[in-house]
Amino acid sequence: MSKHVVIVGGGIGGITTAYHLRRLKPDLKITLVSDRPNFVFTPALPHLAMGWRKLEDITVALAPLLPRFNIEFKNEKAEALDPDNNKVKLASGEELSYDYLVIATGPKLVFGAKGQEENSSSICTPDHALKTQEKLQKLFEKPGPVVTGAIPGVSCFGPAYEFTLMLHYELKKRRIRYKVPMTFITSEPYIGHLGLGGVGPSRRYLEDLFAERNVNWIADVEVVAVEPDRVIYKDAQGKEHEIEAVFTMFMPRFQGPEVVASAGDKVANPANKMLIVNRCFQNPSYPNIYGVGVVTAIPPVEKTRVPTGAPKTGMMIEQMAMAVAHNIVNDIAGSQERYAPRLSAICIADYGEDAGFFFADPVLPPREKVITKHGKWAHWFKTLFEKYFLWKVKSGNILPFFEEKALEWIFRVQPIELCSDCSGSPGSRCP
Amino acid sequence: MSKHVVIVGGGIGGITTAYHLRRLKPDLKITLVSDRPNFVFTPALPHLAMGWRKLEDITVALAPLLPRFNIEFKNEKAEALDPDNNKVKLASGEELSYDYLVIATGPKLVFGAKGQEENSSSICTPDHALKTQEKLQKLFEKPGPVVTGAIPGVSCFGPAYEFTLMLHYELKKRRIRYKVPMTFITSEPYIGHLGLGGVGPSRRYLEDLFAERNVNWIADVEVVAVEPDRVIYKDAQGKEHEIEAVFTMFMPRFQGPEVVASAGDKVANPANKMLIVNRCFQNPSYPNIYGVGVVTAIPPVEKTRVPTGAPKTGMMIEQMAMAVAHNIVNDIAGSQERYAPRLSAICIADYGEDAGFFFADPVLPPREKVITKHGKWAHWFKTLFEKYFLWKVKSGNILPFFEEKALEWIFRVQPIELCSDCSGSPGSRCP
Amino acid sequence: MSKHVVIVGGGIGGITTAYHLRRLKPDLKITLVSDRPNFVFTPALPHLAMGWRKLEDITVALAPLLPRFNIEFKNEKAEALDPDNNKVKLASGEELSYDYLVIATGPKLVFGAKGQEENSSSICTPDHALKTQEKLQKLFEKPGPVVTGAIPGVSCFGPAYEFTLMLHYELKKRRIRYKVPMTFITSEPYIGHLGLGGVGPSRRYLEDLFAERNVNWIADVEVVAVEPDRVIYKDAQGKEHEIEAVFTMFMPRFQGPEVVASAGDKVANPANKMLIVNRCFQNPSYPNIYGVGVVTAIPPVEKTRVPTGAPKTGMMIEQMAMAVAHNIVNDIAGSQERYAPRLSAICIADYGEDAGFFFADPVLPPREKVITKHGKWAHWFKTLFEKYFLWKVKSGNILPFFEEKALEWIFRVQPIELCSDCSGSPGSRCP
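Chains as they are written, first to last, in our numbering: chain A, 106 to 536; chain B, 106 to 536; chain C, 106 to 536.
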């Protein structure tokens with residue numbers, strides 16, 4: 106009988122894993138469970154918030170799509186795991202048995218600052234982005250001070266920078282930028298740390314961008330509360346300050362979702378409920394459970410005074426998915442070969458008129474290579490990539506031949522590598 | 106009977122206001138009062154100090170000039186104001202009645218550090234610049250350590266940077282630069298703050314310029330005394346330091362002149378005797394009194410540990426003059442339309458061989474746009490602008506058609522904007 | 106009878122002095138004493154350590170070479186000086202009488218951190234470089250954390266930066282860079298200080314290079330101990346930290362050698378046993394003793410919290426040699442003309458694939474001119490210069506006509522200048 110792989114999550118991680126599995130093993134039984142009916146291209150959520158995209162532009166309905174590739178789609182919330190009995194319990198009460206389980210749910214959002222959820226905006230889900238769009242309309246009508254940034258514990262800083270610089274551009278286009286003092290407040294020890302100890306010249310690069318575009322910044326502080334008209338933050342000396350703001354946007358902290366937490370401490374990291382995985386993105390206690398994407402517990406790159414975490418970018422997630430698909434298929438085939446994702450990344454931070462292009466191999470230091478560029482071309486490159494990725498999702502062709510070769514030839518990137526010893530934290534180097 | 110406008114001050118602010126008024130209302134009675142017989146192109150005073158200009162190159166005699174445009178010129182000191190009776194008292198004892206008064210005197214210089222006036226140099230008046238020229242000759246003959254910079258409370262930092270980098274260039278040309286240790290000591294919290302919280306990349310730009318040209322710098326300190334052979338300054342911990350110097354040049358602090366102070370606290374800001382004006386550069390208590398230029402009380406952009414003020418550059422002053430002229434003419438015509446200057450600026454910091462080009466719109470943050478460039482072309486551009494401005498003064502043509510259009514087309518600058526509510530501090534945004 | 110000049114030391118300083126003397130005075134009796142049989146092109150020692158050169162590539166045997174230019178070569182250690190009797194005592198017991206003595210021994214290396222000599226590597230002598238080469242092979246086989254830098258009191262920082270960036274390049278070529286966390290730990294108050302208070306934009310330049318190439322740095326600290334698997338350093342608050350390292354390379358401190366120390370406090374600086382010289386590189390107490398190169402006691406450029414010293418680069422040493430040769434020949438001729446070296450320098454920091462080009466005139470601040478460039482061309486320029494310099498040594502032609510003219514035309518450099526008053530510390534300006 107064919108083995109059954111259950112994938113929980115229908116974002117970049119879940120879809121990419123499903124398609125890789127399908128490609129590698131056409132007869133595999135695959136079920137994808139997601140409480141959302143659609144795939145959403147998450148990197149475009151800041152664009153959605155800014156009003157530069159419609160939701161349908163960046164969305165693909167999964168129900169009509171997945172069956173075309175012989176992937177069963179259950180549009181339901183996965184509520185609990187029973188790893189000892191290889192079962193996932195769905196919201197409907199149904200218990201789904203699996204031979205292999207891939208968790209790719211993405212994070213649970215934690216709005217850790219007092220009043221953040223009520224008074225601030227966010228861009229981490231389509232709903233949040235659309236609400237932010239509405240609030241921005243009010244700002245455009247009645248301009249005033251704006252504060253953006255990241256609260257303590259955030260691991261995903263990139264979109265905060267993107268959003269801030271996009272907003273600068275939008276305000277400039279509307280010729281009201283000079284009525285909007287902008288301040289970026291972050292838990293990073295310095296601007297451009299990004300939860301990664303910096304990436305090449307990222308500190309200088311972002312300090313320069315912010316200075317040129319008249320965005321003030323305050324780093325190494327804790328945002329403790331967001332009120333309707335102000336933000337309160339605490340500095341390194343423990344002193345509280347407040348700053349006026351008629352509009353705010355703060356990245357929330359990420360935690361593992363309930364479905365992971367439900368499986369106990371061998372599956373969920375007790376500290377943050379993220380999924381415990383090894384270098385090959387396999388759970389050490391339950392070898393038939395794998396993780397892909399933001400839900401996996403990658404340890405912080407370095408200790409920072411205010412806590413920060415390591416980000417997981419789209420291309421890193423694609424590499425996790427590819428490694429996990431290979432590892433499952435090899436396990437079924439009885440092969441001992443296991444793969445670890447390289448976790449290199451091309452990452453484009455889009456600012457609306459121009460963009461920053463980053464290539465980091467790997468993303469987590471020490472790095473073999475870092476390339477950074479800036480220009481209008483990078484904005485158009487990202488825009489094209491969005492269309493391309495949505496085409497990949499619709500066509501089921503997750504890593505076309507030409508993409509693989511281009512990465513290999515231009516950047517000498519191998520997305521995954523054979524790993525002789527998987528026991529080590531995710532992102533650490535195979536011996 | 107035609108209304109009478111009295112303008113006190115014959116610098117960029119006074120002359121520009123006079124010419125705008127004449128252009129807007131050919132039959133208006135205009136009297137310009139100044140204790141100096143000449144218009145001097147203030148931005149070239151550092152060049153005069155360096156010996157790169159003769160005084161006559163940057164000077165236009167007012168007595169033969171102004172009557173050609175039907176502007177009466179009184180070469181006398183204005184000693185006191187009587188705003189309740191609409192009178193200006195001149196040094197001769199004459200009392201000049203006005204319907205509208207424009208104060209454009211420029212500042213009173215305050216040499217706030219002990220021994221500064223006797224032992225240091227300055228470049229704020231033609232006299233000071235010529236004395237500085239003499240002192241520099243001695244430095245060139247007997248090279249030694251030089252210290253330049255700004256004392257606490259300064260609002261005009263640009264010329265200090267210009268002078269310092271000009272002096273570097275002059276010493277290099279004379280091939281004695283390597284015998285002259287140069288140090289820049291400033292009340293700014295960091296190099297390139299400029300009393301403006303920085304302008305785009307100004308911090309990095311000036312740190313780089315100083316590093317490349319081997320000028321040491323000490324920021325966020327108070328110069329407390331200048332002795333003939335040394336400078337004493339106090340750091341953030343209150344500790345005094347001294348540094349050897351055979352030549353020094355420190356920008357003085359600016360205060361309102363006696364003529365403003367004489368009018369009482371409704372006209373003069375009690376703290377610094379600067380003229381109190383609103384967004385439209387009109388005195389709130391005496392609506393027929395207007396201010397143009399450095400004499401107006403623009404509040405500091407941000408609180409700095411050592412006090413600093415916001416600068417008023419030539420182009421900002423031209424915009425104040427234009428707004429004030431429109432506001433007076435509209436008031437005479439019974440129109441309710443009032444204008445506020447945009448306070449944007451093109452500013453070229455000239456270093457002798459090359460120059461920095463800054464465009465800031467507006468100058469006071471938050472800013473719509475900042476452009477910064479550096480090159481030899483900018484030095485030549487500034488040199489040409491000096492000739493061009495002197496031609497404008499001599500021809501009475503203060504904003505020629507082609508200049509207005511060029512600014513509009515290239516930089517999208519409108520020098521003044523309609524302001525529905527003038528009640529707000531100068532430089533703050535109209536609703 | 107012809108005068109006798111004894112030169113102690115066969116490196117860049119000794120050889121260059123010998124050749125200048127021979128050129129200026131063909132009948133002069135010259136003896137060169139060195140305990141090493143070969144001239145070694147010291148700037149290529151990092152390349153030797155990296156395995157990019159063979160020892161014979163950068164070495165010239167002195168015994169067959171010097172007699173061709175009528176210079177006697179004694180391959181012996183100079184053990185002691187008797188300045189009152191104009192004698193040098195050699196290891197063989199021979200006492201060499203001189204009319205003029207030139208000390209160009211180079212430094213004695215002081216491995217001041219506990220365990221540094223046993224557990225760390227160095228690149229200051231051919232032996233050390235070869236041992237480092239061996240240790241690097243082990244690193245390449247079993248990659249792990251690397252720490253490089255400089256201990257307190259170092260005056261020669263350039264090669265530490267070169268070595269670090271060369272190692273980055275070598276690891277990248279071997280595609281193992283991502284397994285090697287690299288950290289640079291230095292006694293400099295900041296990266297790029299170089300014992301010189303920075304050279305033009307050197308701080309920003311090296312911070313950028315390190316950031317781009319993912320080398321972490323810790324400045325303003327004291328390395329106190331090197332153990333086989335870690336480095337212990339003390340920060341400004343006196344707190345000790347440790348950092349893991351499987352390979353380390355630290356620049357040692359330089360001291361005057363025993364032969365200088367033996368001559369007493371009028372010859373050797375009591376603090377560091379370096380040779381006391383004046384602006385013209387002549388000993389003030391014994392006017393027939395001169396110094397050339399690293400052995401001379403140039404005072405630090407500025408006081409730093411952790412002590413650092415001023416470096417002496419190859420071109421500075423060539424200028425010292427030229428000045429000293431002129432001064433000896435003039436003294437013999439009864440001329441009062443004395444020369445001081447300008448101490449300007451072209452310095453290329455080679456990183457293997459590219460290099461930094463620095464021109465500083467003079468090297469010690471204040472400086473007339475600084476030029477900095479970066480590129481692959483600079484790497485090739487340095488490689489060519491190495492061949493060119495070795496050709497100069499072999500041909501006895503130490504400053505060919507075309508080199509002198511090129512320096513004069515391109516950089517307007519005069520290597521030495523007439524000095525009306527030699528009494529002043531070396532590197533200070535003649536009046």
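For the record, the hints were derived by calculation from the structure and aren't laboratory data.
Computed from a predicted model, the values in this text were never measured in an experiment.
Incorrect hints may appear among the rest.
Copies of the same chain look alike in the list, so a pair counts if it fits in one copy or across any two.
[Stated by the list, open to error] Calculated cross-link-like contacts (lysine-lysine; reagent style DSS-like; alpha-carbon spacing at most 27 angstroms): (1) 284 to 510; (2) 371 to 277; (3) 277 to 474; (4) 278 to 478; (5) 182 to 344; (6) 408 to 339; (7) 408 to 344; (8) 182 to 243; (9) 213 to 192; (10) 240 to 134; (11) 213 to 408; (12) 277 to 478.
Taking the hints in turn, this is what the structure says about them:
no., hint, in the structure
1, 284 to 510, "between (48 angstroms within a copy, 25 angstroms between copies)"
2, 371 to 277, "neither (51 angstroms within a copy, 38 angstroms between copies)"
3, 277 to 474, "between (35 angstroms within a copy, 8 angstroms between copies)"
4, 278 to 478, "both (24 angstroms within a copy, 22 angstroms between copies)"
5, 182 to 344, "neither (43 angstroms within a copy, 52 angstroms between copies)"
6, 408 to 339, "both (19 angstroms within a copy, 19 angstroms between copies)"
7, 408 to 344, "both (22 angstroms within a copy, 18 angstroms between copies)"
8, 182 to 243, "neither (34 angstroms within a copy, 53 angstroms between copies)"
9, 213 to 192, "within (21 angstroms within a copy, 72 angstroms between copies)"
10, 240 to 134, "neither (45 angstroms within a copy, 53 angstroms between copies)"
11, 213 to 408, "within (23 angstroms within a copy, 41 angstroms between copies)"
12, 277 to 478, "both (23 angstroms within a copy, 20 angstroms between copies)"
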